[in-house]
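Engineer: Sequence:
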Amino acid sequence: MFDARTFIPGGAKLTEFHESRAFTRLMAGPIGSGKTVGAGVAEPFFTAMTQKPDSQGIRTAVVGVLRDNYRNLYATTMKTWLDWVPKNFGHYTGSDDRPAVHELEFPAPFVDGTPGGGLCRLRVEWRALGTHTVEATCRGWELTGAYIDEADTTPFEAISFLAGRVKRAGRKETRVSRGVWVTFNKPDTDHPLFDLCVDQAAHHAENGVAFFDQPSGILPGGPPFLTNPAAENLANLDNDYYEVAARGQPEWYVRRMIRNQWGASVAGDPVFGEVDLDRLFSPVELEPEPGDELFLGIDGGGTPAAVICGRTRSGRRVVYAEVVLTDPMDPRGRRILHGVGPKRFSQALGDALHPRFSRNRISIAWGDPAAFYGADREMGEYADIEMVCSQLKIPVQPAPSNELGIRHEAVRTVMNRLNVHDGMPDLVINPSCRWLRRGFAGDY
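Per my numbering, the sequence shown starts with residue 124, numbered consecutively.
Derived from the structure by calculation, the hints contain no laboratory data. You can trust all of the hints, since none of them are fake.
Restraint-style ranges between C-beta atoms, simulated for each label pair:
no., residue 1, residue 2, range
1, V394, Q372, 16 to 24 Å
2, D361, Q470, 55 to 63 Å
3, T203, D363, 19 to 27 Å
4, K210, P451, 54 to 62 Å
PhoX-like mimics (lysine-lysine), calculated; alpha carbons at most 20 Å apart, straight line:
no., residue 1, residue 2
5, K295, K175
6, K516, K466
7, K175, K290
Nothing here was measured: the structure is a model prediction, and the numbers come from that model. Even glycine gets a Cβ: it sits at the ideal position worked out from N, Cα and C.
Work out the full structure, taking the sequences as your base and the hints as a guide.
Structural biologist: Here's what the structure looks like:
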């Protein structure tokens, strides 16, 4: 039987998730990481405990739980709940093809520091979409908080519709909404959840969104696979749970369900399957020291792009900025602009360089060798990439090789190598480089 007074979350991220006051909380993790117990069992109890007592000293909450269909609701989400909260505790109604309700009372301490405790009344309502729309399913719901389980399989707009339902239950004087909380296994990088949690995370954080990313279940590399000692909920799993779960499985499954990494998009399979994005990308924006030499990496064609890079005194390579032109008609900035000529690209690159890097010297630009083809040298023509660098007065040279294996290994070498001075990776990328993050996450 679940007891909120003695429950201990199975890891640091689970603890942060429960303690957060963000209106919209999202948590991703591998299978077996304790997501459903934390969000689907503990969180409803905590919602009741955080309400203000009424005139009789009773705290009351109504929590809604949403799934994609009733089959999945009863097979997984409801099963976990009933494993911890039996039907005979309180009053339970429900069957395999319709909504379920569980009403119960339990004693709990006050969470505001007031000595002693009191009675809590909790009503949990489970619904599934089935053939209905999110709007129709959520209509009329009056809740204190709402949970979406397996959000990667549920229409994304469910988060928005539920946000309007979680300040409705009870009286204003005693209601403390816990907002909307969500758990999922990471989908492809072209899923809206990637935009919410990664691509536009800073913007959404300003609107009360917080993302909690649990550690991988296994260490980088393998097979053979080794359990990650930092994984959460290990105390409730067999010692070899993740090793067996990953053994013999296809890479896409291991990546998403065991390593807790964003899946490959429709563009293809991930190139760097071993990448640890939390280590590769800096948590804060880095800037070069005045006087440091920088260099550029440039790709040509109709969708040109560039990176502005440098090397610290300890020898670490840093990608400070990226230059990618997006379609101005796309408000989300996720659609690359096609048909970009050298004049427009040189202007965009110049805007990225000045004034931010005006105290640094750009020593050279390395370009994709293919971008130098096609110019009629005898007639004095220049390739687009040469015209771009000429306008910026930056010398440019083709990269030594265009062979994919060599290019990938060059990145992999510095990405996996640890710096001798601090033991951190020899390659770090600024968090503002969201297109690079998408690429390393799978959308290469």
